[in-house]
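S.K.: As a plain string of letters, each chain reads:
2 protein chains.
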Amino acid sequence: MTGLAVSLADIEAAAERIRSVAIETPLVESPALNKRLGLRVLLKLETLQRVGAFKFRGAYNRLVQLSDEEKKRGVVAFSSGNHAQGVALAAKLLGIPALIVMPADAPKVKADATAGYGAEVKFYDRLTESREKIAAAIAEERGAVVVPAFDDPHIIAGQGTAGLELVRQAEARGAKLDIVMTPCSGGGLLAGVATAVKALSPDTRLIGAEPEGYDDTKRSLVAGVRTPMTPTHRTLCDALETPCPGELTFPILQATVSDVAVVTDAEVAEAVRYAATVLKLVVEPGGSAGLAALLAGKVDTRGAGALGLVLSGGNIDPEQFAKILRREL
Amino acid sequence: MTGLAVSLADIEAAAERIRSVAIETPLVESPALNKRLGLRVLLKLETLQRVGAFKFRGAYNRLVQLSDEEKKRGVVAFSSGNHAQGVALAAKLLGIPALIVMPADAPKVKADATAGYGAEVKFYDRLTESREKIAAAIAEERGAVVVPAFDDPHIIAGQGTAGLELVRQAEARGAKLDIVMTPCSGGGLLAGVATAVKALSPDTRLIGAEPEGYDDTKRSLVAGVRTPMTPTHRTLCDALETPCPGELTFPILQATVSDVAVVTDAEVAEAVRYAATVLKLVVEPGGSAGLAALLAGKVDTRGAGALGLVLSGGNIDPEQFAKILRREL
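Read top to bottom, the protein sequences are chains A and B.
In short: position in the first sequence from 1, add 101, done, that's the numbering used here.
In short: position in the second sequence from 1, add 101, done, that's the numbering used here.
Any given hint might turn out to be false.
Put simply, identical chains are the same to the list, so a pair is met inside one copy or across any two.
Heads up, simulated SDA-like pairs for lysine to any residue below, C-alpha to C-alpha not over 25 Å straight-line [said to hold, decoys possible]: (1) K193 to T378; (2) K173 to L430; (3) K172 to D226; (4) K424 to A367; (5) K173 to R335; (6) K193 to N135; (7) K209 to V222; (8) K136 to D360; (9) K136 to A114; (10) K424 to D213; (11) K424 to D366; (12) K193 to D418; (13) K136 to P198; (14) K193 to L138; (15) K136 to E117; (16) K172 to R137; (17) K136 to R118; (18) K209 to R427; (19) K136 to V222; (20) K277 to L301.
Please keep in mind that the hints were generated in silico from the structure rather than gathered at the bench.
Quantities reported herein were computed from a predicted structural model and do not represent experimental measurements.
Next up, chain A with everything else stripped away, as it sits in the complex (with noise of 0.2 Å):
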């Protein structure tokens, strides 16, 4: 894997740093589960990492790593959510001066726990100004750092953590993993935890789940170069709207993942609502889309006897949390 941005050490080096301030989240099973899929399912549950999501690894990863004089200067990031507050704990806990971009329409429990958590918040608009321009302004105005949410080696790094976990744990457990998923978006989080799982266990298959609409990864991984999409319209998946892999991440999804299941809207809030209802955990759309993809049927796993499937996050909205429930979404 020369030339690959980030290796299994790195993840190890990444899980030292964040031992002290991430949680080894739990693996789990659901017997139900299993029943209805035919085969193991170990569930990492990103869902209770702190703020709500596998992003704190990878902020807190970066962060740490800053000198003292970047600290002092402050970051600077641009996330629809997960990321931001991931970053605003992490600068928090660090003493690191934060400042937010976020669409103006992310989710309002999302943008007020990135506040809560003492960054400052700036919106833009989504449809008309870029938020890598800006974010990149004010990084000039204040010599601030940029923390990208998956194209950088520590964030991707940070993110493997949960791969390494997810292997470790699994093993304890008398499980061989043949499949690996995780919801993907950017691809930092897939890639970070692929990085992990090839280098531990070279045979476990690595699955991606994309929204349709914004399954830029799966046709960059057809056409063999990275292919941005123009979206056409939003999906619930809100954490998955970014439309083109990263530069860092892509070619690590190449050497790593075999497959990207593809889900609708349809079938994420189905998914949404079985993980309420028979799994009784609270997980956002976009945390949800591999298990959508499973529930879907949109997944072969034919001869596998073990599947390790990260639920990447539970920061959904209490409205649209309601509405899925009641099969108003």
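Following the hints, complete the assembly by docking chain B onto the known chain A.
M.R.: Frame of chain A, contents of chain B only:
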């Protein structure tokens, strides 16, 4: 503790019997909750137990000990929902015919799940009929064994396995439990957990939580004798509507329990919302009674460093859950 119905040895034996079928549920911490309450709160997630509540433990421990003759004759149980599901699943796994007597107004999700496990369900009118009489009549008719929801040593011992796990899991995380809390209805969970906890950690304080209007355990402990009450209204906590502590459970509670907190429906709804939005967990109203008491400041935690809190079940009707999320309840 001479004369009490259940000992630590009974609970350890129960743990062996249920090991291959029950889930060793996770113990998790939420930094947000710890910060809010000012101590470590170790959450025992019985929401993730089979059938979505701790009841499976006691039901299986009881049923697996039936003689072959008894198994053929089948079992009958009366329950508002979680014990019903526990018995229905245990009976299914053991090939035992089961009839469950449920209130006609039991949450639909619980009734459906019970029938879904293959049990026969008979509904009765909570206000005009006596469930005990109905169950006894059926038992006589069929020669079936009655499986009480709490007043049985094997049932109490089964529930106690959650306490055994709690203490060991807390130890493994370097936490000495100053307090352990569980919701309380007939007292099976609290009595079983208290027996295990007090045997392993005599200085730990045991605290129960009951809904307003159904605080029969608290009143009984104060009076020094079992004191049934006549409920004047319903509570959100459909799982905690037993109006009198059990004959077997009460002496155990007298010997082990320090206090019982009493919570309003509003406090319970707040706890259900908190569990969903902050903890990312689906907890039913009765299952959240302990959390409700803590969030409402009704538990004296001064001087306590760590508290073990059993979240006893997650079987909440989606419609009711949606209402609570929307603050309509």
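S.K.: All hints, please: hold or fail.
M.R.: Results of checking the hints against the structure:
no. : hint         : in the structure
1   : K193 to T378 : between (35 Å within a copy, 21 Å between copies)
2   : K173 to L430 : neither (45 Å within a copy, 46 Å between copies)
3   : K172 to D226 : neither (28 Å within a copy, 66 Å between copies)
4   : K424 to A367 : both (13 Å within a copy, 22 Å between copies)
5   : K173 to R335 : neither (37 Å within a copy, 57 Å between copies)
6   : K193 to N135 : between (40 Å within a copy, 17 Å between copies)
7   : K209 to V222 : within (12 Å within a copy, 44 Å between copies)
8   : K136 to D360 : within (24 Å within a copy, 42 Å between copies)
9   : K136 to A114 : neither (37 Å within a copy, 28 Å between copies)
10  : K424 to D213 : both (21 Å within a copy, 22 Å between copies)
11  : K424 to D366 : both (13 Å within a copy, 23 Å between copies)
12  : K193 to D418 : within (23 Å within a copy, 38 Å between copies)
13  : K136 to P198 : between (48 Å within a copy, 22 Å between copies)
14  : K193 to L138 : between (42 Å within a copy, 20 Å between copies)
15  : K136 to E117 : between (37 Å within a copy, 24 Å between copies)
16  : K172 to R137 : neither (49 Å within a copy, 28 Å between copies)
17  : K136 to R118 : between (38 Å within a copy, 22 Å between copies)
18  : K209 to R427 : both (20 Å within a copy, 15 Å between copies)
19  : K136 to V222 : between (45 Å within a copy, 24 Å between copies)
20  : K277 to L301 : within (11 Å within a copy, 35 Å between copies)
Hint violations for this structure: numbers 2, 3, 5, 9, 16, all remaining hints satisfied.
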